[in-house]
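Undergrad: The lines below spell out each chain.
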Amino acid sequence: MKQVNSISKYLLNVDISERETKIYFDAIEVGDYPLTEKESYILSKIKKSAFLCGLYDSYSAIWNPNNNIRKRFFLILSILETQPNFSNKFLTHLTLWQSIRIMFFGLIKYVIFVVLGTVFVNVLNILFYVNRL
Amino acid sequence: MLTDYDFIVVGSGCSGVQSAQTLLEDGAKVLMLDVGIQADPNSSIIPNKDFIAIRKSEHNQGEYFLGKDLGGVERSWLKNKNRLTPLLEFVEKTANGNIPLSGLWKDSFLESHAQGGLGNSWGRGVFAFSPDEARKAGIDFNILKKGYEKIASRIGVFGKSKMSLGELSGLEYPLALDKSMAKVWSKFHKNKMEWNSKGVFLERTPLAISPNSFGDNNNYNDMDFWSLENTQGYHPGMTLKRLHEYKRFHYKGNSLVDSYKEKGDIVEVQFSNTLNQKIETLTCKKIIICASVLGTARIVLKSNKAYEHKLPFISNPFFYTSWINMSMLGNANSVMRSSFSQLSLYYKIKEREEFSLMNLYTYRSLLLHKLIREVPFNFRLSYQLINILKEALVFGGVHLPEFQEEENGVQLVKSSNNATGFQLNIDYRQDDKRIKKNLSSIKRKMLSLGCLPLFSKMVNPGSSKHYGGTLPISKTPKPFTLAPSGRLHGSKNVYVGDASGFKFLPAKGLTYTIMASSHLIALNAVKKERYNTKIQLMEKITN
Ligand SMILES: Cc1cc2nc3c(=O)[nH]c(=O)nc-3n(C[C@H](O)[C@H](O)[C@H](O)COP(=O)(O)OP(=O)(O)OC[C@H]3O[C@@H](n4cnc5c(N)ncnc54)[C@H](O)[C@@H]3O)c2cc1C
Numbered sequence: 063m064k065q066v067n068s069i070s071k072y073l074l075n076v077d078i079s080e081r082e083t084k085i086y087f088d089a090i091e092v093g094d095y096p097l098t099e100k101e102s103y104i105l106s107k108i109k110k111s112a113f114l115c116g117l118y119d120s121y122s123a124i125w126n127p128n129n130n131i132r133k134r135f136f137l138i139l140s141i142l143e144t145q146p147n148f149s150n151k152f153l154t155h156l157t158l159w160q161s162i163r164i165m166f167f168g169l170i171k172y173v174i175f176v177v178l179g180t181v182f183v184n185v186l187n188i189l190f191y192v193n194r195l
Numbered sequence: 004m005l006t007d008y009d010f011i012v013v014g015s016g017c018s019g020v021q022s023a024q025t026l027l028e029d030g031a032k033v034l035m036l037d038v039g040i041q042a043d044p045n046s047s048i049i050p051n052k053d054f055i056a057i058r059k060s061e062h063n064q065g066e067y068f069l070g071k072d073l074g075g076v077e078r079s080w081l082k083n084k085n086r087l088t089p090l091l092e093f094v095e096k097t098a099n100g101n102i103p104l105s106g107l108w109k110d111s112f113l114e115s116h117a118q119g120g121l122g123n124s125w126g127r128g129v130f131a132f133s134p135d136e137a138r139k140a141g142i143d144f145n146i147l148k149k150g151y152e153k154i155a156s157r158i159g160v161f162g163k164s165k166m167s168l169g170e171l172s173g174l175e176y177p178l179a180l181d182k183s184m185a186k187v188w189s190k191f192h193k194n195k196m197e198w199n200s201k202g203v204f205l206e207r208t209p210l211a212i213s214p215n216s217f218g219d220n221n222n223y224n225d226m227d228f229w230s231l232e233n234t235q236g237y238h239p240g241m242t243l244k245r246l247h248e249y250k251r252f253h254y255k256g257n258s259l260v261d262s263y264k265e266k267g268d269i270v271e272v273q274f275s276n277t278l279n280q281k282i283e284t285l286t287c288k289k290i291i292i293c294a295s296v297l298g299t300a301r302i303v304l305k306s307n308k309a310y311e312h313k314l315p316f317i318s319n320p321f322f323y324t325s326w327i328n329m330s331m332l333g334n335a336n337s338v339m340r341s342s343f344s345q346l347s348l349y350y351k352i353k354e355r356e357e358f359s360l361m362n363l364y365t366y367r368s369l370l371l372h373k374l375i376r377e378v379p380f381n382f383r384l385s386y387q388l389i390n391i392l393k394e395a396l397v398f399g400g401v402h403l404p405e406f407q408e409e410e411n412g413v414q415l416v417k418s419s420n421n422a423t424g425f426q427l428n429i430d431y432r433q434d435d436k437r438i439k440k441n442l443s444s445i446k447r448k449m450l451s452l453g454c455l456p457l458f459s460k461m462v463n464p465g466s467s468k469h470y471g472g473t474l475p476i477s478k479t480p481k482p483f484t485l486a487p488s489g490r491l492h493g494s495k496n497v498y499v500g501d502a503s504g505f506k507f508l509p510a511k512g513l514t515y516t517i518m519a520s521s522h523l524i525a526l527n528a529v530k531k532e533r534y535n536t537k538i539q540l541m542e543k544i545t546n
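Protein chains in written order, with this note's numbering: chain G, 63 to 195; chain V, 4 to 546.
Check each hint, because a few of them may be wrong.
As the list claims (entries may be wrong) - Listed next, the stretches of chain V that the computed footprint assigns to chain G, with coverage defined by at least 3 CB atoms under 8 Å from CB atoms of chain G: (1) 59-67; (2) 195-203; (3) 364-373.
Stated by the list, open to error - Computed Cβ-Cβ distance ranges for the label pairs, DEER-style: (4) Arg355/V - Leu178/G: 45 to 51 Å; (5) Asp435/V - Thr180/G: 51 to 57 Å; (6) Pro146/G - Thr423/V: 54 to 60 Å; (7) Leu455/V - Pro146/G: 46 to 52 Å.
Unchecked claim - Away from chain V, derived, C-beta distances all over 12 Å, residues of chain G: (8) Glu82; (9) Thr98; (10) Tyr121; (11) Asn128.
Read the hints as simulated data drawn from the structure, not as lab findings. Every residue gets a Cβ at the ideal spot worked out from N, C-alpha and C, and that includes glycine.
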């Protein structure tokens, strides 16, 4: 639950219910969502915080966009889009002014997240290898 | 001459059902042999509401929008494997299992072994060949025109566009444009004369909307790509339902036609049951093969034992484009819309060339997460970007005209990896330079219409799903060609009702022409049969 909630919080800034969590875990069970040892380690570290999820995603969008953790983020995004509770997040019309504001701050945040994310993921990588030794 | 049926029609796609209806209207006893599996029974779980109402109220919408066990999400993640929406996936499910394709691009050529064929998922864009295009395809336009009008009365054609439909009669008014498309339309019309003088034409896309089944016009519920039950867009299942009302109509499903044999005036048709592999034979006076271009090629080559013989083959080059309609930024688009193409942009690269065609759609009902996946930022920013642009997004599917090229063709080759012992090999080359030229030409035009290019996607040969030319129409009786009547040269009673005969594929969709010509071919065959019966009767009397 915590894992899915952090990711949803990062993606759309929403809190999810047990219903969406169940859909997510059911899908993972039957679908093809494997994780490598390193990915499991990273997920275990980022799943508690929406902020860390954001750092990781910003880093991997540039360096490794097709990784398995992002595939899970994408699964949650699809689930949220098809839940009536969150449909407004995808259907509401934004004015030009709102759009400019969102994009302006969004882009600045993205650049900062990419820089921080690169440092963060490299630290996680080192920790992963140190733990294995 | 005793046969099981007057006619056997192979296939229940757009061509098969129209042929069968014509034969039945003329009083013949008809058997339709079809390998096609039936529509996904889950289609009925989609409530008959519009897209927005469903999104806001239905808790189980994930089951149909994302598919069983959310399998559609994985296919979206893989990007290129996402061809049809989950409940329409039955359309392409079994074809490759029954008789596989081979060749470099085998995965992009789409075949359907479904009841109703590819017509379950077609975009409903109806386009009539011009007299010149019909001539190049090998068809007599004056006769074809009657076919178009007959089919319009059966399927409902909404649109009066000149480039797309010429001067046909019996057509309905086009569907309403949404706000975004109306802005592009009005921008074009401000300088219409100038555009036209440069050989650029913008028209409202004519659509096959079945008026008889549901009322007089589209319900604009924007669910057209999701299920067959909540769309007014014509699909062959609508005609098939009507065919079952005739007592003289018989339908045999799960029947994979292997070959035919002519014995005097009788045609023996051999087919196998896909459930128990039992092989059966039935007889008829005439067979009309409507198994789609690739399916028909298999049957004809197998019946003639023409293994390794290469038949010519044509498929329109195709690519996707996406645009931001700048005048829609900050504006809301219409709530009620249809998912189908709204505008058709005709243009030429060189004056003496044939027209290329881009069909324009606004985007909503295919959901945003698929687009978010395409944006190279993190998911949060990608979501924000697509959410902002959603009302202004415009998609274009571009088709290029295609003539027969010598190196492109299909061959039936022996293979040990499936029950039939054969596979169909496709050899196809596409001119990528030509596609790039088209892309840059369109970019200039769309910019002038206020649309900024977003991304474009080159796709493999075969992705247009428009195929033809394997058994080209020929007035001289050469092997593996069709007489203008649709009869296979060298045969007495074998007719082909799909696009196999078309020697040229204009950029326009070909399905309206397939339906018109299959109706005419059936009409020809049934008249010929009546004439033969009369002669035989007279011979009997005089003897
Ligand atoms: C996504 C999509 C969008 C499209 N949009 C448009 C559009 O907007 N406009 C347009 O003009 N065209 C469009 N098309 C193309 C259109 O769908 C096809 O041209 C048309 O459906 C072809 O009809 P057909 O009857 O020739 O073949 P099919 O529809 O392929 O039907 C073949 C039938 O034969 C049966 N069959 C095959 N082999 C055998 C066998 N050996 N034994 C027994 N039965 C057999 C199958 O079960 C099937 O019922 C689109 C196609 C797709 C996939």
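Undergrad: Evaluate each hint against the coordinates.
TA: Hints and how they fare:
1. Given a C-beta distance limit of less than 8 Å, the hint that chain G covers the segment 59-67 of chain V holds, as 6 residues qualify and 3 suffice.
2. Against chain G, the segment 195-203 of chain V contributes 0 residues with a C-beta closer than 8 Å to a partner C-beta. That does not satisfy the three-residue criterion, and the hint is violated.
3. Counting residues of the segment 364-373 of chain V whose CB lies closer than 8 Å to any CB of chain G gives 3, so the stated coverage by that chain holds, three being the minimum.
4. One distance hint, 45 to 51 Å for the beta-carbon pair Arg355/V and Leu178/G, is violated here, with the actual separation near 58 Å.
5. The hinted window of 51 to 57 Å between Asp435/V and Thr180/G is violated, with their beta carbons roughly 36 Å apart.
6. The hinted window of 54 to 60 Å between Pro146/G and Thr423/V is violated, with their beta carbons roughly 47 Å apart.
7. Restraint check, Leu455/V to Pro146/G: a C-beta distance of roughly 33 Å breaks the suggested window 46 to 52 Å.
8. Remark: the non-interface label on Glu82/G conflicts with the geometry, its nearest Cβ contact in chain V lying 10 Å away (cut-off 12 Å).
9. The claim that Thr98/G lies off the interface holds: its Cβ sits roughly 17 Å from the closest Cβ of chain V, which is beyond the 12 Å cut-off.
10. The claim that Tyr121/G lies off the interface is violated: its Cβ sits roughly 8 Å from the closest Cβ of chain V, which falls inside the 12 Å cut-off.
11. The Cβ of Asn128/G does not lie farther than 12 Å from every Cβ of chain V; its closest approach is about 8 Å, which violates its non-interface assignment.
Checked against the numbered hints listed earlier, the structure breaks hints 2, 4, 5, 6, 7, 8, 10, 11; every other hint is satisfied.
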